[in-house]
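**Q** What follows is each chain in one-letter form.
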Amino acid sequence: MGAVLYVPCDAAALAVGADRVAETLAEELHSRNVDAQIVRNGSRGMHWLEPLVEVETEQGRIAYGPVKPSDVAGLLDAGLLDGGDHTLCHGLTGEMPYLKRQTRLTFSRCGITDPLSLEHYEKHHGFLGLKRALEMTPAQIVQDVTDSGLRGRGGAGFPTGIKWNTVLKTPGEQKYIVCNADEGDSGTFSDRMILEGDPFVLIEGMTIAGIATGATKGYIYTRSEYPHAVAIMRDAIKIARDAGILGSSVMGSAHAFDMEVRVGAGAYICGEETSLLNSLEGKRGVVRAKPPLPAIEGLFGCPTVVNNVMSLASVPIIMDRGPRFYRDYGVGHSHGTIPIQLTGNIRNSGLFETAFGLTLNELIYDIGGGTLSGRPVKAVQVGGPLGAYFPPSLFDTIFDYEAFTARKGMIGHAGIVVFDDTTDMLRQARFAMEFCAIESCGKCTPCRIGSVRGVEVLDRIAKGDQPEQQVELLTDLCDTMKMGSLCALGGFVPYPVMSSVTHFPQDFHVKPLTDAAE
Amino acid sequence: MALQTHSQETEKETAAIIDVHEHQEGPLLPILHDVQERFGYVPGNALLQIADRLNLSRAEVHGAMSFYHDFRKEPAGRHVLKVCRAEACQSMGGEKLADDIQRGLGIRWHETTPDGKVTLEPVYCLGLCSCAPAAMMDGNLYGRLDDDAVLKLVEEVK
Ligand SMILES: Cc1cc2nc3c(=O)[nH]c(=O)nc-3n(C[C@H](O)[C@H](O)[C@H](O)COP(=O)(O)O)c2cc1C
Ligand code: SF4
Ligand code: FES
Ligand code: FES
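Those protein sequences? They're chains E and L, same order as listed. Following the working numbering, the numbering of the first sequence begins with 105 at its first residue and continues without gaps. Following the working numbering, the numbering of the second sequence begins with 1485 at its first residue and continues without gaps.
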């Protein structure tokens, strides 16, 4: 058999030319009359090295990157097919420090397999969790998920097992599993990487959720900004259905479960679970008041599990290896691993899955290599557009739900965006308000109108128009938004705004705020 | 009459799209997506037709449609360029990039160049935050952009 080469089909790799690299490689191999196979894998998550080309050797896979089409001929001349040395060569992929330091549980296969190969999936421990679940009662599955300590990775950190238990206990003719793949937070792409790089793990996780709660139908709600993810996920569902994994008899059992992909239409708020449900029903994506909880009255009024992609994709390994195995990773009440996304102005950008507990310092400097621009870091925003901005003096904060809350921040979907010292924090605060104004669902006045007023106040500060008074106004406005908003869009946008004012008063032309004024 | 044939064609194709989705749960968004994919926007008549077939009022369909940034009431240019305006792209000079693109194309957000070639839309994150700044044109993705690269992209398309 000829050589096996890997060129990722992940969107981040495509955006920097992976398709052209794969084409050039195929042409070169053809013209050199070499028998070799090119597998389009998911991404390993080392995005600064994309397109990352790998070759299978007896010692293991060897990595080259970032590869441009113009590098291909030279790589082949240097003996790429045998893992030959080259300036772009990084040696054995698995030995690269960035990968070696990770604990890859949820992403154990991502970047290794062909996302649409069931054979690859099964060879790499696929469906072991589902097979074990099929031998258990629903209550036992829910107990295992509860015992694992898994908390929702979509932002709120609610224990997944408890949510599943509510759906299990609520009677209903029809129940649903809704996978929240609306990943709208800037600085995040872990959901997308699973949809594109290991879709079967999500299918497996959702099927287990269905069996555990008595739901027979699943929806994956994702974004129109993710066309590649939509296509791969739809293909994977069809493959799983044809293989008898989905359908009226899941893997030959008495359980039925099937699913489909639905695509949003460019509304950030539809990531909020009740807005998402309205959107799935074909309505305006307006947020619903809770109660009733979606677990009791969700999609079309039926009991519904709404979980993030990461939460659901972590279930198969929990079921396979047992709840203790998963629970033993992490710190405090943050169990297991978290796929952290290192983004923005950072050298080693990409995905880094690790047990909870690393500090921001370790993540940004040791692992991330500091800024890409080479300038000092000014701030990081963790947790998306509603997450706080932290200055370097808070970089000793550890990645843990409670540690972030204690410092008026949040982990959210675990995206870190790094900004260098050329950043104007007033502009960042203004953007947060502007974003809220653009994306507000319109249901509550503090969010809909408050955000517009917020932009105006910040513009006055930018002009140097009575900054001290304006900051006072801004503080009041933020308090009103926090108190008076129905959901976390209006309710949390004060965090990026007020953290900017608190930690970077010089950018607002005011003296440092005292704690009482906050 | 050309106009009439055209609208009959639209009606037939819209009906076919509705046929595909009608029996799904919550069919409205999938139908609107397919109609827009086919025509480049959601024509007013298609909207009425959808309302009629799904047993909804025109206001309900219009209300739903207008909630979402993606759906258009008017045709776009031949190409749609979506440039990311969100934080990770900002941290890598995305704002300047966006300004330069607007100046280079001579249009603002949501506008179309006079020759009907490109419509410029803001987008808030493409999930390419590790390769910022990023953009998407007609479903193709581009990362680690500078303004030369973007304007070249636009030059290359017809
Ligand atoms: C404005 C807003 C946007 C949200 N966006 C997302 C999102 O894109 N993906 C997600 O999983 N959860 C998002 N959430 C959280 C969901 O409402 C919900 O908590 C989550 O889907 C539950 O799943 P989990 O328990 O697995 O995290 C958002 C919440 C708010 C208020
Ligand atoms: S806070 Fe904003 S987005 Fe949330 S429900 Fe109220 S208006 Fe809608
Ligand atoms: S729900 Fe509208 S202001 Fe509270
Ligand atoms: S912020 Fe621009 S791609 Fe995510």
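The set of hints was computed from the structure by calculation and includes no laboratory data. Keep in mind that this is a model prediction, so the values were computed, not measured. Watch out, some of these pointers could steer you wrong.
Some, not all, of what chain L presents toward chain E, calculated at C-beta under 7 Å [said to hold, decoys possible]:
id : residue
1  : Ser1491
2  : Gly1510
3  : Leu1513
4  : Phe1523
5  : Gly1524
6  : Tyr1525
7  : Gly1547
8  : Ala1548
9  : Phe1551
10 : Ala1570
11 : Met1576
12 : Pro1598
13 : Ser1614
14 : Met1621
15 : Arg1628
16 : Leu1637
Every residue, glycine too, gets a C-beta built ideally from N, C-alpha and C.
**Q** Each hint needs a verdict: does it hold in this structure or not?
**A** For each hint, the structure was consulted:
no. : hint    : in the structure
1   : Ser1491 : violated (25 Å)
2   : Gly1510 : holds (4 Å)
3   : Leu1513 : holds (6 Å)
4   : Phe1523 : violated (15 Å)
5   : Gly1524 : violated (15 Å)
6   : Tyr1525 : violated (13 Å)
7   : Gly1547 : holds (6 Å)
8   : Ala1548 : holds (5 Å)
9   : Phe1551 : holds (4 Å)
10  : Ala1570 : holds (4 Å)
11  : Met1576 : holds (6 Å)
12  : Pro1598 : violated (25 Å)
13  : Ser1614 : holds (4 Å)
14  : Met1621 : violated (11 Å)
15  : Arg1628 : holds (6 Å)
16  : Leu1637 : violated (12 Å)
Checked against the numbered hints given earlier, this structure breaks hints 1, 4, 5, 6, 12, 14 and 16; the rest are met.
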